[in-house]
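J.: Residue-level listing of the chains:
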Amino acid sequence: MKVVLLTKAAVPNVTAVRIDPKTGTLVREGVPLMINPWDRDAAEFALRLKDRYGGTVMALSMAPPAGKDALESLMGMGVDEAVLVSDRVYAGADTLATAYTLAKAIEKFAPDFDVVVAGEETTDSTTAHVGAQVASWLGIPYIYYAIDAEVNGRSLLVRRYLEDEGLIETYEIDMPVLVSVQKGSQVPRDISLVRKLEAKGRVKTFSNSDLGLPAECVGLRGSPTIVAKVFEAKLPQRKGELFEGPPDEAARWLAAKLREVGVV
Amino acid sequence: MSQQNICPEWPEIRREEYRGVYVYAEHDGNSLKDVSLELIGKARQLAVDLDGAEVAAIIIGGTDAMARELVETGADRVIRIVGEGLETYNPVRYSMAIAQVLDKYRPEIVLIGGTKRGRELAAYIANTLKTGITADCTELEIDKASRDLIAIRPTFGGNVLAGIRCPQRRPQMASVRPGVFPKPSRDPTRRGEVISERVDVQDGRMRLVAVERKVERDVADLPPVEKADVVVVGGRGLGSADGFHLLVELARALNGTIGASLMAVRAGWAPHTRQVGQTGKTIRPRVYIGVGVSGAVQHIVGMLESKVIIAINTDRNAPIFRYVDYGVVGDYKEIIPRLIELVKAAPKPTPTEKQPV
Ligand SMILES: Cc1cc2nc3c(=O)[nH]c(=O)nc-3n(C[C@H](O)[C@H](O)[C@H](O)COP(=O)(O)OP(=O)(O)OC[C@H]3O[C@@H](n4cnc5c(N)ncnc54)[C@H](O)[C@@H]3O)c2cc1C
Ligand SMILES: Nc1ncnc2c1ncn2[C@@H]1O[C@H](COP(=O)(O)O)[C@@H](O)[C@H]1O
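In the order they appear, the protein sequences are chains L and A. Position 263, counted from 1, in the first sequence is what our numbering calls 263; the numbers after and before it change by one each time, with no gaps. So our numbering is basically just the index in the second sequence, starting at one, shifted up by 1000.
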């Protein structure tokens, strides 16, 4: 079977973001890039399909050239082929334009795919949009929050977990299908450094001159949404009283505060 | 803007044909999801800034009682979608059914609750209509001059807020997590129209074959984290599941409940349903007490609107102290047992004696 793995290969490590103590603003410079962590769950899910049913896994990412490293890491995990679509005209894409570009790339580089596997969401934009939107552009059925899957003839039996309802549902879905994988549901296998080294130079990079997509459908121009403003969250004023002292006194101080507030 | 500048995949639309604020009302067969009612409340506010636009709810199936509740909460109109294949939830059929109805009624704004199912449907619907959608908004505003929705959401891992607009396309879509907006009260005198809308979405490509209940073991028999006046939240700093038992005792003594940081959930000390933060629940209790929680932004965004914020942490430089009303620097293991004694010894306040915060 032919599996396409969607991965956002270069997201800022948002936990490394610091606040400038002098200005109180966000320091974005120097924030290291990394693979979207939830996409490693997706990679494990895709590779397990390959382990059990044979075939190949092709990783696909729309990212700046820096995304190459993450794709090599995925090949180190066992992904067979990696495609990076990268072009200045793709910059500023919202999820609709991102999904359009990815869907067109799938049609071009893996027209005979059976399953597209996506991560649940990215850690920088956390929309969980791209999976469903790729399915919509491709005109295929889709399912979110998958925890495992097995092939049953021409369909895929997917178990998925709805955390907020505490339900596990099983769907039988005709292939081709897009499956988005519940974050944290897999134990991603290690990256083999040997295999990662072998992957050097094997990531195929394509620009829009290869894909030939209309400029008005990609990047900022192909995006119905625009970021109108970015600002730091305004924090409500707080009392900010700190107590430091022996535990007995600390407990008494807190109890007094709880009484003031009216819950004791 | 002339059509030649627009992606040919996007159908031509006329913005001025799109009017009204619509909410997709999710239910589980028995009752409406709270978030749907929260969004009806928000839709009413947005309608004011849109010269009194109509507020409507779209519901698949549902009952007469649900339609009535939607009207009494603020909907002027309820559109009940009926059709073969919609008896049970199915992402493709549900998305297509909702998209068809939106295409017919042409609202300018569509709000969807950011439940797991809501998130699954929202982006597919937006893509079907070739319009923009903003996920997990924490505030929604109208720019009156342009009638554009300004959808505000945390971005960059919750570190900053972005105001997102969709100037060219309609409807403008947004999803909002449960608990972000307050649930309005019902007004039994409100009247509205209920319409039945038949759609045809024959799509046999996916079938639900089994449903099982997976119950995550809860730490204690306490109210849900979003439904208590006092929430004691444990973080990785507790060091063990035993630490949580101590917090349970404190929560009981305070008539409150228990919450957890992502790290505490990861450690298996508390179920997912109790996670507070960007990828968990948004809570706004009278009192939040964070114990062994460092105060990462992704956590803070889920509790920022608590009336009083209290933290106990061994590290005086822990970020959470930037957000507190009352902070105690120290080891919870030494402080909480004593605090529990003091709370238990105190005369219980009757609700009328409670002072306003
Ligand atoms: C996209 C994204 C989404 C996220 N969503 C969420 C979310 O929804 N909710 C969430 O909580 N996190 C979320 N996170 C994770 C978040 O960034 C932090 O990693 C997490 O909140 C830290 O959990 P913690 O405070 O329990 O642990 P830590 O950061 O490890 O903090 C432990 C604290 O305990 C203190 N401590 C240690 N011993 C003691 C003691 N004996 N007594 C008192 N204090 C002690 C330490 O000083 C420390 O401050 C998200 C991250 C990302 C990237
Ligand atoms: N630029 C991209 N290239 C490839 N896959 C992507 C990209 N952006 C998002 N995805 C996929 O879509 C999933 C959901 O992303 P998001 O909608 O941004 O939360 C991710 O986990 C990836 O699998």
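Among these hints, one or two may not hold up.
To be verified - Pair ranges (Cβ atoms, derived):
id, chain 1, residue 1, chain 2, residue 2, range
1, L, Glu260, A, Lys1227, 21 to 29 Å
2, L, Leu167, A, Lys1227, 30 to 38 Å
3, A, Ser1146, L, Asp190, 45 to 53 Å
4, A, Glu1212, L, Asp190, 41 to 49 Å
5, A, Thr1088, L, Leu197, 44 to 52 Å
Stated by the list, open to error - Here are the simulated EDC-like pairs of lysine to aspartate or glutamate, each with C-alpha atoms no more than 20 Å apart in a straight line:
id, chain 1, residue 1, chain 2, residue 2
6, L, Lys104, L, Glu260
7, A, Lys1033, L, Glu165
8, A, Lys1344, L, Glu260
9, L, Lys108, A, Asp1325
10, L, Lys234, A, Glu1009
11, A, Lys1307, L, Glu241
Stated by the list, open to error - What the simulated footprint calls covered on chain L by chain A, stretch by stretch (three residues with Cβ under 8 Å from a Cβ of chain A suffice, anywhere in the stretch; the number is not a length):
id, segment
12, 3 to 9
13, 48 to 61
14, 67 to 79
15, 161 to 168
16, 235 to 242
Simulated from the structure, these hints should not be mistaken for laboratory data. Model, not experiment: these values are computed from the prediction. Glycine included, each C-beta is placed from N, C-alpha and C at the ideal position.
J.: Look at each hint and say if it fits the structure.
T.: Structure-based check of each hint:
Range check, L/Glu260 to A/Lys1227: about 24 Å between beta-carbon atoms, so the 21 to 29 Å window is met. Checked against the given bound of 30 to 38 Å, the beta carbons of L/Leu167 and A/Lys1227, roughly 20 Å apart, lie outside it. Separation of A/Ser1146 from L/Asp190 is about 52 Å and conforms to the stated range, judged on CB atoms against 45 to 53 Å. Between A/Glu1212 and L/Asp190 the beta carbon distance is about 32 Å. The supplied range of 41 to 49 Å is therefore violated.
For A/Thr1088 and L/Leu197, the hinted distance range of 44 to 52 Å is satisfied, since their beta carbons lie about 50 Å from each other. Straight-line distance between C-alpha atoms of L/Lys104 and L/Glu260 comes to about 62 Å, which puts the hinted pair past the 20 Å bound. With a C-alpha separation of about 11 Å, the suggested pair A/Lys1033 and L/Glu165 falls inside the 20 Å cut-off, and the hint holds. Note on A/Lys1344 and L/Glu260: the hinted pairing holds, with a Cα-Cα distance of about 16 Å set against a maximum of 20 Å.
For the suggested pair L/Lys108 and A/Asp1325, the alpha carbons sit about 57 Å apart, so the restraint of at most 20 Å is broken. The hinted pair formed by L/Lys234 and A/Glu1009 fails the criterion: a straight-line CA distance of about 39 Å is larger than 20 Å. Restraint check: the Cα-Cα separation between A/Lys1307 and L/Glu241 comes to about 15 Å, which is no more than 20 Å; the hinted pair holds. Under a criterion of three residues with beta carbons nearer than 8 Å to beta carbons of chain A, the stated coverage of the segment 3 to 9 of chain L fails, only 0 such residues being counted.
Counting residues of the segment 48 to 61 of chain L whose C-beta lies closer than 8 Å to any C-beta of chain A gives 0; at least three are required, and the coverage claim is violated. Under the rule that three or more residues need a Cβ within less than 8 Å of chain A, the assignment of the segment 67 to 79 of chain L is violated, with 0 such residues. Taking a C-beta to C-beta cut-off of 8 Å, the segment 161 to 168 of chain L contributes 8 residues in contact with chain A, enough for the three needed, and the coverage statement holds. Beta-carbon proximity to chain A at under 8 Å applies to 7 residues in the segment 235 to 242 of chain L; the threshold of 3 is reached and the given coverage holds.
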